[in-house]
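Just so you know, the protein sequences line up as chains A, B, C and D, in that order.
Following our numbering, the numbering of the first sequence begins with 57 at its first residue and continues without gaps.
Following our numbering, the numbering of the second sequence begins with 89 at its first residue and continues without gaps.
Following our numbering, the numbering of the third sequence begins with 172 at its first residue and continues without gaps.
Following our numbering, the numbering of the fourth sequence begins with 935 at its first residue and continues without gaps.
Each hint should be verified, as a subset may be incorrect.
Examples of chain C residues lying across from chain D (beta carbon under 8 Å, computed) [stated by the list, open to error]:
{"no.": "1", "residue": "ARG199"}
{"no.": "2", "residue": "PHE204"}
{"no.": "3", "residue": "ALA213"}
{"no.": "4", "residue": "ASN215"}
{"no.": "5", "residue": "VAL216"}
{"no.": "6", "residue": "GLU230"}
{"no.": "7", "residue": "LYS237"}
{"no.": "8", "residue": "LEU240"}
{"no.": "9", "residue": "LEU261"}
{"no.": "10", "residue": "GLN265"}
These are calculated hints, taken from the structure and not from any lab test.
The beta-carbon is built from N, C-alpha and C at its ideal position, and this holds for glycine as well.
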Amino acid sequence: MSAFFQLAALFLLLNVGAGLLRILRGRTTADRLLAVQLFGTTGTAILILLSLATGESAYQTIALVFAILAGVLGIVFARYGQPSAPASAQSQELKHELN
Amino acid sequence: MTLQLAFDVVLIVTLVTCAWAALTAPDLLRSVVLFIAFGLLLSFVWVRLQAPDVALAEAAVGSGLTGALLLSTLNVMRQKEAQIAQESTDAARESESEQEVAVAQDS
Amino acid sequence: MSLIDLITILLIGAGCFFFLAGTLGLLRLPDVFTRSHAITKADNVGLMLIMLAAALQVETWATRFKLGLIWILTLTASATVAHLIGRAALNAEQKPWEEST
Amino acid sequence: MHDTEKAVSVGRRRLTWQQSLDVLLRGATFAALWWILTEGDNAAWVLGIPSVAAATLISLAFVPPTVWQVRPFGALRFGLYFLSKSLLSSVDVARRVFQPHIPIKPRLVRYPLRVREVKAQVIVANSASLMPGTLSVNLADDVLTIHALDVNAPIREELGILEERVAGIFGIRLEERTE
């Protein structure tokens, strides 16, 4: 069983690597935010799998910290992570289109 | 055993790529995001080295707290820069108008 | 191999499949909004399945509740972050992608 | 407090029995959290009881005691609906991204909410993000802006059901839409 958990963890780590590619290629701030979200969720899953593989329950606490951090970092990013653009003409127009 | 080795190799390759990208990123914001990602990956390294307490500290302080602080610093820096740019354009405009006044008095 | 182990393997396999779907969506979809769709939905279900598998493997009920707590935290966090990403992209005047036909 | 007969005194404030129920519930939640985080270690309660008491007092200082209006049956119904829909949503995503040409027709949709309570609106917005084909991107002035993955899907109907389920948690009755 331990080997299977390791394999699944390896697979998810490769997923994280692919997400890193998105950060590297992404042009907008929102793209990078997405990758951080991916890291939070996938990282939690990897840690749970590693704790199953080794039987070490301390890793679950780290998974808990990851889960909390993903939320905090996301909110901090949305607050500070971009030039504060007030609703300009174009976005007003976009909102108007929705009506 | 080989699976663990494969995990470690992938981890190290991703970690080093991430570190390199963070150092060479063209803008600071991307650097900070990559730094946070680097911290998360580094905490996996600590897990693999069987040091869960260090991993916990790395995730919470090294990645989360430092990342948030860097971001808010970046924000303050941007505001200062915008302020300075604003002041310099104001100053330029003022000196221009002074010159105009001087020209008007001359004639 | 016991029945519980078999179910665990199935659940983790399905979880990994959904994580793969999320990552593939992240790489293939055309704009921030659609990528956010993929990440938010697929990854949370993937995590849920892996948590269920882990809940079968651990011994105590306290640990099972802890896993549930982690899942709920991730769920709320990613729903909130998805909303914030969407709003940030909208405020930054990004037009949602539309098929050009 | 109008309900002086059944009031309980906590500190200088007088609480109705419903508000003291809220205080008790908060204490129970924090105690449960402590139990989970210490993995059921009985020895940890020496620190746990003061921590739980402190957490309850601090939470009361920031959020004054409120009256709970949650209907257990409604909450259960919402939970089951949410779980089944969120499972379907990821199947939907997987179905789309594994095709060589991704079948999407994304569009922004404005959905005027019928529920007025902010609590319920936030729950609607957040759970819409985890349901098939919808992602909430803005919530302002009782209007929810949704990014729909496929504009031809019955988005408004789905959101209507979701809204009813959320209203069911709090026992709110929704009026029929007059359009």
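Closest C-beta approach of ASN215/C to chain D relative to 8 Å, hint status
6 Å, holds
Against chain D, run the beta carbon of GLN265/C and see if the smallest gap drops under 8 Å.
Violated: closest Cβ of chain D sits about 10 Å from GLN265/C, beyond 8 Å.
Let's test the interface hint: is any C-beta of chain D closer than 8 Å to that of LEU240/C?
6 Å, holds
LEU261/C as an interface hint toward chain D, with CB separation required under 8 Å
Nearest chain D Cβ about 6 Å off; hint holds.
Does ALA213/C pass the interface check with chain D, least Cβ-Cβ distance below 8 Å?
5 Å, holds
Evaluation of the interface hint that places GLU230/C against chain D, nearest CB under 8 Å
At 10 Å from the nearest chain D Cβ, GLU230/C fails the 8 Å test, so the hint is violated.
Status of the hint placing ARG199/C at chain D (closest C-beta pair under 8 Å):
6 Å, holds
When the nearest CB of chain D is found for VAL216/C, is that gap smaller than 8 Å?
Check passed: Cβ of VAL216/C comes within 4 Å of chain D, closer than 8 Å.
Taking the least C-beta to C-beta distance, is LYS237/C closer than 8 Å to chain D?
5 Å, holds
Do the numbers back the hint for PHE204/C, that is, is its least Cβ distance to chain D under 8 Å?
4 Å, holds
Hints 6, 10 from the list above are not met by this structure, while the remaining hints are.
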